[in-house]
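Engineer: Please construct the entire structure, taking both the sequences and the accompanying hints into account.
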Amino acid sequence: MPKPHLALLAALAAAGVIARCSGLIDPYYLDVLTIIGINVILAVSLNLVNGYTGQFSLGHAGFMSVGAYLSAAVSLFLGPRLLGPDPSALGQGLFFLGALLAGGLAAAAAGWVVGIPSLRLRGDYLAIVTLAFGEIIRVVFQNVDALGGALGLNGIPPYTTIFWVLAFAALTIFTVTCLVHSTYGRGFLAVHDDEIAAAAVGLNPTRYKIVAFVVSAFFAGIAGGLYGHFRLTITPAGFDFTKSIEIVVMVILGGMGNTPGVILAAILLTLLPELLRPVAEYRMIIYSLLLIVLMILRPQGLFSLKLGRRKPAGD
Amino acid sequence: MSEFFQQSLNGLSLGAIYALIALGYTMVYGVLRFINFAHADVFMVGAFLGYYLAKLVPAASLWGGLAVMAGAMVGCALLGILIERLAYRPLRRGPTLNVLITAIGVSLLLEYSGQLGFGAAPRTFPVLFPQRDLRIGGLVISSTQVLVIVVAAALLLALQGIVHRTRIGTAMRALSLNATAAQLVGINTDVVISFTFGLGSALAAAGGILYAMNYPSIDPLMGVMPGLKAFVAAVLGGIGNIPGAALGGLILGLVETFVAGSPWSTYKDAIAFGVLIVILLCRPAGLLGKFTVEKV
Amino acid sequence: MPSAFRRFSWPLLAAMVLAGPLAGQDIIKVGEVASLTGKEAAFGQSSHKGTLLAIEDLNAGGGLLGRQLDLVTEDNQSKQGESATAARKLISRDKVVALLGEVASSRSLEMAPLAQASRVPMISPSSTNPKVTAVGNYIFRVCFIDPFQGTVMAKFALDTLKLHRAAVLASVSSAYSVGLAKYFKEGFVKGGGEIALEQKYSEGDKDFKAQLTVIKAAGVDGIFVPGYYTEAALICIQARELGLKVPIFGGDGWEGSPLIEIGGQAVEGTFYSTHYSPDNAAPVVQDFVKKFRARFGGETPDAMAALGYDSAMVLAAAIKRAGTTEGPKVRDEIAATRDYPGVTGNTTIDADRNASKAAAIFTVKDGKFKFVESIAP
Chain D
1390 MPKPHLALLA ALAAAGVIAR CSGLIDPYYL DVLTIIGINV ILAVSLNLVN
1440 GYTGQFSLGH AGFMSVGAYL SAAVSLFLGP RLLGPDPSAL GQGLFFLGAL
1490 LAGGLAAAAA GWVVGIPSLR LRGDYLAIVT LAFGEIIRVV FQNVDALGGA
1540 LGLNGIPPYT TIFWVLAFAA LTIFTVTCLV HSTYGRGFLA VHDDEIAAAA
1590 VGLNPTRYKI VAFVVSAFFA GIAGGLYGHF RLTITPAGFD FTKSIEIVVM
1640 VILGGMGNTP GVILAAILLT LLPELLRPVA EYRMIIYSLL LIVLMILRPQ
1690 GLFSLKLGRR KPAGD
Chain C
7 MSEFFQQSLN GLSLGAIYAL IALGYTMVYG VLRFINFAHA DVFMVGAFLG
57 YYLAKLVPAA SLWGGLAVMA GAMVGCALLG ILIERLAYRP LRRGPTLNVL
107 ITAIGVSLLL EYSGQLGFGA APRTFPVLFP QRDLRIGGLV ISSTQVLVIV
157 VAAALLLALQ GIVHRTRIGT AMRALSLNAT AAQLVGINTD VVISFTFGLG
207 SALAAAGGIL YAMNYPSIDP LMGVMPGLKA FVAAVLGGIG NIPGAALGGL
257 ILGLVETFVA GSPWSTYKDA IAFGVLIVIL LCRPAGLLGK FTVEKV
Chain Y
15 MPSAFRRFSW PLLAAMVLAG PLAGQDIIKV GEVASLTGKE AAFGQSSHKG
65 TLLAIEDLNA GGGLLGRQLD LVTEDNQSKQ GESATAARKL ISRDKVVALL
115 GEVASSRSLE MAPLAQASRV PMISPSSTNP KVTAVGNYIF RVCFIDPFQG
165 TVMAKFALDT LKLHRAAVLA SVSSAYSVGL AKYFKEGFVK GGGEIALEQK
215 YSEGDKDFKA QLTVIKAAGV DGIFVPGYYT EAALICIQAR ELGLKVPIFG
265 GDGWEGSPLI EIGGQAVEGT FYSTHYSPDN AAPVVQDFVK KFRARFGGET
315 PDAMAALGYD SAMVLAAAIK RAGTTEGPKV RDEIAATRDY PGVTGNTTID
365 ADRNASKAAA IFTVKDGKFK FVESIAP
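Residue numbers (the numbering used here), protein chains in the order written: chain D, 1390 to 1704; chain C, 7 to 302; chain Y, 15 to 391.
The set of hints was computed from the structure by calculation and includes no laboratory data.
All residues carry an ideal CB built from backbone N, CA and C; glycine is no exception.
A couple of the hints might just be wrong.
Said to hold, decoys possible - Taking CB as the label site, the calculated pair distances span:
(1) P355/Y with G143/C: 52 to 60 angstroms
(2) A187/C with A1589/D: 31 to 39 angstroms
(3) G1487/D with K43/Y: 41 to 49 angstroms
(4) Q137/C with F385/Y: 29 to 37 angstroms
As the list claims (entries may be wrong) - No farther apart than 25 angstroms at their CA atoms in a straight line, the calculated lysine to any residue pairs in the SDA-like style are these:
(5) K109/Y with E1670/D
(6) K61/C with G381/Y
(7) K196/Y with E1670/D
(8) K61/C with S119/C
(9) K199/Y with E1670/D
(10) K259/Y with S119/C
(11) K259/Y with P269/C
Claimed, not checked - Not close to chain D: a few residues of chain Y, all C-beta gaps over 12 angstroms, as computed:
(12) L175
(13) K204
(14) I209
Structural biologist: Laid out in structure tokens, this is it:
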């Protein structure tokens, strides 16, 4: 069996073991660990677009919200009918998986809808359009009364456990890594390095961009679904561009196109506010100062595994 | 009919403010190719500077108001230059995305320091210039609205003058075309960039004061939404293009106002963004932007 | 090193082992989750100050059950998701006996399931959406709920202001505003009135001239603005600038000195419902205002601060009656709160764990808040 697949199985097994022992872990630490897992999924998936493919997307939170809302809606509205009054653990697990996948697919569809028009644009224009789409999604959810409007959806069943989060985190890392090391990955990197040259050798840059976008949106949707069934309350305001920027910061800090770096950055940036709780008033000030200092001192990102890639000429 | 004119006036006034902030975004982008996320918060600092400076001058006087505005513009220009020197210059050689993170960091720093320093509760911005309302038929024109439009137009013309008629303006344009070539012909990039930041920040301060005059409630997070809208306006007009920023600001202000006055007011933000997307799809470089053909 | 270490280590170890639980015994920890920074810091800070004052007051008076109180406050940065983490930390790490918070209904809804599952009583100072207390029997609030307040304002608009055609200008991004608007409209229409139109704005908006221009053209006799004082003041200013002279009225979100500071002349003659006003002459209110000003550098407490204060005081009274800090017993006593003389009015906790108290309608006259009438539930 190829190495990545072995690693995935090992990770899933580890997730299962941690989940079994979760009763021994302090609920607060477990909470933070779960959020770390969700952030890892968000950061690694965004890294596919921003890092590997070099397209600057600022609307990731929008896709997360689509996944969160759809999976929550499935659980709230279809759940009671499909599961009945006393569902078995297996039944509940399968249902949750279904709801998550539904959310992910909806987010992927949204990614496709957003990607098709946007990916013709370059650099900062793409950034602003993805940001605009993210905001439009937020406003739409705010106005749909069936989805709770400004208050959002609440009373979502608490299906998310540390196992699901770790399992999906492993799956996301696995998928992104395999994708990047495949011919698709060569396509992404080619588009990232020089779109015109890529087109000149016969690649269709738009196609690769869209694939990256849709896959990334899918996992953002999964992360959203996991989030919704963990926090049990979701509101449109919680998925605004500030959230998108938080994820972008993780990707850039981790070193764009560097999955291990991005994972570490996600962990660090999730832990930092928790560690700074004793100085709550100064938390964000310290966080922002750290961002500035880190970028000045280590502009290549926290971890730069060069992977044998040279800087493109004439940069 | 008077409702249409009233809304148009409202829209122009709002648009003028977006235009002023957008000018700062677009100038810095034109010269440095990077989106200065902290710009909106310099706008907020400008408003607060105005608030504190206003305590030193008599209320509702023309000279007092102009002095406060000048003072805030100078203060923010210095702030902008300082930020550039400390946070952006060390990263100038690297990829622009890193400076973006630093800009986000500076933005957050200003916002949260503001909340800590000024307190999160909103403050009332004092009356700076004498206020008078003009009523023609069913139309109500407030002197503040007119002042905003006039000052924004004046600043825009002054900016165009600086960019096209002065040496440093020419240097800015040269830098925006090709930074390396500009250095080769002897332009001191550091000075020009500092000047650009200073100028952009001064405009942000002016925008902040005009905004606070129109909507007299200021708080440390007041720049977030106007900043986002102004950024959208700058891109709408073609980022890097000064008249484009003004045009983008006006269009955005008008669209937002007319939608807010319609039965779809609840979708106002979404429609404003939607207009942006549609325009960018038809004109990918913005309304007045030039799509630079990349030579391979 | 070795001998000295051995000489002191055992007593030291014993002291630490014993001191732990003993130290715990002397302090009652009360948890608070508030938005001290971020978008809604103004409200969170206000609420926190009121709560802090209450705890300090209680400690000055000897504490509760002979023990001092420790208020452990966690900031949620006004962000979604943070309140749940904060609540979890307070419950499992700090082992608080009760949770106070949150100001916003959406953030309370994050905390409530956790408090309910851990059987830790939770009192929200100002979350007004009915769903919050519906989470479980450990969740309470000391403020009105939207259905009550919306109906109160509808009644006031119909009976006192004698309005027939009203417009509603609500925030689309605030659950409070949306909820209050909904119940006002229901009440107004049920009482025979007509809602001519409803315009929306977003939190953080400063320009409402567009919406007000359209409202002016519709020819209504009153405008209901179920928002917060920041927007309400600006709306009144702009409405008067546009020549709209009809009555403008709102809910308890209007309560706060910035309303008059920012609104100035424009808010004269406007109305709003609330449960508290610093100009209320009742001794319990004036006492509170005086203490607050002394503690916080002359600042006048607003409704959030008053509710924060009452949430802590209602909890304290319940703990005192229960005679213990055990969750279930405290919960039962909170539920049994009857006619508690709070700063925000005579408070009784009803069967749905909401506060049942009269709403007071206030107006602004000569730059001061003035009581108009009281509407009982």
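Engineer: Keeping to a limit of 25 angstroms between CA atoms, is the pair of K199/Y and E1670/D held or broken?
Structural biologist: violated, 40 angstroms
Engineer: Mind checking the hinted window 52 to 60 angstroms against the Cβ distance between P355/Y and G143/C?
Structural biologist: holds, 56 angstroms
Engineer: Okay, A187/C versus A1589/D on CB: inside 31 to 39 angstroms?
Structural biologist: Taking Cβ atoms as reference, A187/C and A1589/D lie about 26 angstroms apart, which means the hint is violated.
Engineer: Do Q137/C and F385/Y keep their Cβ atoms within the hinted range of 29 to 37 angstroms?
Structural biologist: holds, 32 angstroms
Engineer: Range first: 41 to 49 angstroms. Now tell me if the beta carbons of G1487/D and K43/Y are that far apart.
Structural biologist: holds, 42 angstroms
Engineer: Taken at face value, is the distance from the CA of G381/Y to the CA of K61/C at most 25 angstroms?
Structural biologist: At roughly 21 angstroms apart (the allowed maximum being 25 angstroms), G381/Y and K61/C satisfy the hint.
Engineer: Does L175/Y sit more than 12 angstroms from chain D, CB to CB?
Structural biologist: holds, 27 angstroms
Engineer: Was I209/Y rightly flagged as not at the interface, with every chain D Cβ beyond 12 angstroms?
Structural biologist: Consistent with the label, I209/Y stays out of reach of chain D, its closest Cβ about 17 angstroms off (over 12 angstroms).
Engineer: What's the verdict on K196/Y and E1670/D, does the C-alpha distance respect the 25 angstroms limit or exceed it?
Structural biologist: Answer violated: K196/Y to E1670/D is near 36 angstroms, above 25 angstroms.
Engineer: For the pair supplied as a hint, K109/Y and E1670/D, is the alpha-carbon distance within the 25 angstroms limit?
Structural biologist: Holds: K109/Y and E1670/D sit about 22 angstroms apart, inside 25 angstroms.
Engineer: Could you grab the alpha-carbon distance between K61/C and S119/C and see if it respects the 25 angstroms cut-off?
Structural biologist: holds, 22 angstroms
Engineer: Against the 25 angstroms threshold, does the CA-CA distance of K259/Y and P269/C hold or violate the hint?
Structural biologist: Cα-Cα ~22 angstroms, so holds.
Consistency note: the structure conflicts with the earlier hints numbered 2, 7, 9 and 10.
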